[in-house]
Structure formats: structure tokens, C-alpha cells
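Reassemble the complex: the two chains are provided individually, in unrelated frames, and hints are given to aid placement.
Protein sequences appear in the order of chains B and V. With this note's numbering, letter number 86 in the first sequence gets 86, and the count goes up by one each step, no holes. Convert by adding 112 to the 1-based position in the second sequence; the result is the number in this note's numbering.
There's no promise every hint is true.
What the hints assert, rightly or not - Every beta carbon over 12 Å from chain V, so not counted as near; a handful from chain B, in silico:
| no. | residue |
| --- | --- |
| 1 | Ser12 |
| 2 | Ser14 |
| 3 | Ser26 |
| 4 | Ser28 |
| 5 | Glu66 |
| 6 | Glu71 |
| 7 | Thr77 |
| 8 | Leu109 |
Claimed, not checked - Each computed DSS-like pair below joins lysine-lysine, with the alpha-carbon atoms no more than 27 Å apart:
| no. | chain 1 | residue 1 | chain 2 | residue 2 |
| --- | --- | --- | --- | --- |
| 9 | V | Lys121 | B | Lys104 |
| 10 | V | Lys126 | V | Lys169 |
| 11 | B | Lys104 | B | Lys49 |
| 12 | B | Lys49 | V | Lys169 |
| 13 | V | Lys169 | B | Lys104 |
| 14 | B | Lys49 | B | Lys68 |
| 15 | V | Lys121 | V | Lys182 |
| 16 | B | Lys69 | B | Lys58 |
| 17 | B | Lys104 | B | Lys69 |
Said to hold, decoys possible - From chain V, some residues computed to sit far from chain B (all C-beta separations above 10 Å):
| no. | residue |
| --- | --- |
| 18 | Thr127 |
| 19 | Gly128 |
| 20 | Leu134 |
| 21 | Asn140 |
| 22 | Gly175 |
| 23 | Asn177 |
| 24 | Ser179 |
| 25 | Leu187 |
| 26 | Ser192 |
| 27 | Leu220 |
Derived by calculation from the structure, the hints in this document are not laboratory data. In this text, a Cβ means the ideal position worked out from N, Cα and C, and glycines have one as well.
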Amino acid sequence: AQSVTQLGSHVSVSEGALVLLRCNYSSSVPPYLFWYVQYPNQGLQLLLKYTTGATLVKGINGFEAEFKKSETSFHLTKPSAHMSDAAEYFCAVRTGYSTLTFGKGTMLLVSP
Amino acid sequence: NAGVTQTPKFRVLKTGQSMTLLCAQDMNHEYMYWYRQDPGMGLRLIHYSVGEGTTAKGEVPDGYNVSRLKKQNFLLGLESAAPSQTSVYFCASSYTLGLAGGQNTGELFFGEGSRLTVL
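Extracted from the complex, chain V is given alone in its bound form (with noise of 0.2 Å):
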């Protein structure tokens, strides 16, 4: 029982260079999510999924771009990776209730975090 899987789990990259980390969920699930962790503040979206072929911004959208061309897969791309990126990004992934409005009932499934270092 996989959950979200995401890889690469360690990369090193130098300033310009591009990147992109894929997140896979088996569980069947409409929304995907990917997250930044930086020390002292916490988990802040970058973009998220609330379906296959959606995609919106976060509140740090800047400098990444995503894809959601399956329902099971979300990718989170660097164009041109600068040191400020250097981070741990989580994917997560939920369900709906599947009411009237597809309400999230807010329980994410996280993966294991990839560690993105920019030189």
C-alpha cells in the first residue's frame, strides 16, 4: 500500500538549472497538493489539484509551474532553480465528500518529502 510517493527524494541542483518532481497517489484520489517546508515557518502551498487537467496557485506560486495530466500524478517543475528554492517539498494528496461543491474534508495524505538543495 503505497499512499503518495514522491521522487526524487534528494536532489542538488546549481542556480539556472531545472528540475522536476513527480508525486504519485494509488489511493484514488481528486486533490493533490505540493507544499514547501522552510525552518520557523511552517508548510506553505505552492499550487495545488482539484482535479486531472486543474491546476491553481498557492500562496508561493512564483518560480514553479505544475502538471496534472493523470488523476494519479502531479508535477512540480523549476524552470530556473535559484538558492531561495532550496527547500523540503511535500505532495499530499485528499478526497472529497463528494457533496454538492466536492467539499474537502481537509484530511491530506502526505508523502515522504523531497529535499531540493540550489547552489
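One chain only, chain B, in its complex shape (with noise of 0.2 Å):
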């Protein structure tokens, strides 16, 4: 059964600073992967996904992630936080053909 496994309940960062949020996924099939962000009091949206292709995955609001096969991680980073990063992030790994399977979140701290 596929699953993901998200280090770290709370990762705090200064405004400025590289933003790593860690991943790691097991999958017995090749892995559909994802990462979503939840803002405050609201429901969860779409950050970036790795179906097939490049490793590297672009996605919204300046993140990125990288599919390593051989270290099963898909971590999600940015270059640089800013105060509107602040959120709680979520893994997750597509199930079968139609559920995904989330992670149990990380919640991003940002300090100016």
C-alpha cells in the first residue's frame, strides 16, 4: 500500500531563509505525488505535482520539489520564505486511480 511520511510536525524558519519541508513516500507501484498547502481556517489547494517526466517539479508561489526515486523522497523546498508561507503544508500520494493518501502535515513558522 502506498503511503508518505512527513518529518517533522512544525519546521520553523526566518523570513529570507530556505524553506525544506521532508517527504518520504512508499509505493510499491511508480508514485503519482503531491504536495498541497492549507492556509488558516480554509480548505486545502493544489501547491505542485510528479506524475511521470522531470524530477523537478515547479509549483506555485516559488516551491519546487524533487523526485528521488532511489531515496523514495519527494521534499519540498523555496528558496527564500516570506511571511505569506506561513501554513500548514501536506504530503501526499495517489492511491490506486482515484484517492490520494496524505501525510499528517507540517505546519511552517515564519519569523521576521
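Written out as C-alpha cells, the structure reads:
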């Protein structure tokens, strides 16, 4: 069965610093992987996704993620954090044909 | 452009009461989902539907029922609410590629959530 593990329930960075949120996956088939973001009191929205092809995926708001099969990882990065990036981030893997399984989430805290 | 709309947004129930959460989407999506979100647990899939008239169980279906009588609506019911069902419930929908087998690309469109408290 496919699953994802997010390392760290909370990550704190200073404004302007590198953001690195970690996600490792387990899958018996080539995975479809996703990062979603949730701002306070809102639903989730898609940041980026990897299906096939290029392993470095660029998303919205300057975020990107790299699929590394050898490390079973799909870490999310942003070169320079902004206060508006403070939110909860979820890694997810497609399960079967029609569902997603989410990780437990990582809260990103950005300090001035 | 409404997207995915959930009603109600807040509800307080007593143990044993019943209620229905309504999800409506205006994007003509085939797939619809109900998730619950609890602190430290992420999102867990309750039930989902791959088309009008179909439903399937997710990871945590016990205590919930669903119906998809119309393509645009997906109802989540609690027949006898329990305190363990206190949570934030999210509805989502998605489209398919239309390929053989109807593969879902995985981009879900979420509603804003319904906060349910069971006393």
C-alpha cells in the first residue's frame, strides 16, 4: 500500500531563509506525488505534483520539489521564505486510481 | 465561480443526534470525497464516489454514510453522532483524464470545511 511520511510536525524559519519540508513515500508502483498547502481556516490547495517525466517540479508561489526514486523522497523547498508562506503543508500520494493518501502535515512558521 | 461548497460550516450536536453535511460542486467533476481532519492526524478519507450513484469506503468509514444521487452533490450522514466524530470535515472533488480506466490526476479541489462538535 502507498503511504507518505512527513518528517517534523513543525518547522520554523526566518523570513528570507531556505524552506525545506521533508516527505518520504512508500509505494509498490511508480508514485504520483503531491504537495498541498492549507492556510488558516481554509481548505487545501495544490502546490505542485509529480506524475511522470521531469523529476524537478515547480509549483506556485516559488515552491519546488524533487522526486528522488533512490531515496524515496519528495522534499519541498523554497529558496527564500516569506511571511505569507506560514501555513500547514501536506504531502500526498495517489492510491489506486482515484484516491489520495495524505501525510500528517508540517506546520511552517515564519518569523520576521 | 463557487467551486466546492460545504454546508453547514459549523454545527454542534449532542451524542446520539443525527445530521447531514452537504457538499456541492459546480465543476462537473466525476470524483468526490469526504475527509476528516484531526490535529496531528492529517486528512483521513471517510468515503468517496467515482460517479453519480456510486460510493466506496475509505480509511475511516465507520459511523458515516454517504449518498451521491446527483453528480454535483455528495452527502455525508452521521446517524448517531459520537464525541469521537468531533472534527473538521472537508469535501473535495476532482476530474479524470478520461483515459481508459478513468485515471484521476490527483488534483483535488477542496471546500472550506465544516467544523462539527459532538458533546
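Hints, one by one, checked against the model:
1. Ser12: Its Cβ never comes within 12 Å of chain V, the nearest being 17 Å, so this holds.
2. Ser14: It holds; Ser14 of chain B is separated from chain V by about 25 Å at its closest Cβ, greater than 12 Å.
3. Ser26: The claim holds: Ser26 of chain B sits with its nearest Cβ about 15 Å from chain V, beyond 12 Å.
4. Ser28: For Ser28 of chain B, whose nearest Cβ neighbour in chain V is about 17 Å away, the distance exceeds 12 Å, so it holds.
5. Glu66: Holds, because the least Cβ-Cβ distance between Glu66 of chain B and chain V comes to about 18 Å, which exceeds 12 Å.
6. Glu71: 21 Å, holds
7. Thr77: At roughly 21 Å from the nearest Cβ of chain V, Thr77 of chain B sits farther out than 12 Å, so the non-interface label holds.
8. Leu109: Per Cβ check, Leu109 of chain B is outside 12 Å of chain V; nearest 16 Å; holds.
9. V:Lys121 with B:Lys104: Given pair Lys121 of chain V, Lys104 of chain B holds - Cα atoms ~23 Å apart, limit 27 Å.
10. V:Lys126 with V:Lys169: With Cα atoms ~25 Å apart, Lys126 of chain V and Lys169 of chain V stay inside 27 Å; holds.
11. B:Lys104 with B:Lys49: 18 Å, holds
12. B:Lys49 with V:Lys169: Given that 27 Å is the threshold and the Cα spacing comes to 25 Å, the pair holds.
13. V:Lys169 with B:Lys104: It holds: about 20 Å lies between the C-alpha atoms, which stays within 27 Å.
14. B:Lys49 with B:Lys68: 14 Å, holds
15. V:Lys121 with V:Lys182: 21 Å, holds
16. B:Lys69 with B:Lys58: Given that 27 Å is the threshold and the Cα spacing comes to 18 Å, the pair holds.
17. B:Lys104 with B:Lys69: 21 Å, holds
18. Thr127: 26 Å, holds
19. Gly128: 29 Å, holds
20. Leu134: Given that every Cβ of chain B is farther than 10 Å from that of Leu134 of chain V, nearest at about 15 Å, it holds.
21. Asn140: It holds; Asn140 of chain V is separated from chain B by about 16 Å at its closest Cβ, greater than 10 Å.
22. Gly175: Given that every Cβ of chain B is farther than 10 Å from that of Gly175 of chain V, nearest at about 19 Å, it holds.
23. Asn177: 18 Å, holds
24. Ser179: 18 Å, holds
25. Leu187: At roughly 18 Å from the nearest Cβ of chain B, Leu187 of chain V sits farther out than 10 Å, so the non-interface label holds.
26. Ser192: 26 Å, holds
27. Leu220: 6 Å, violated
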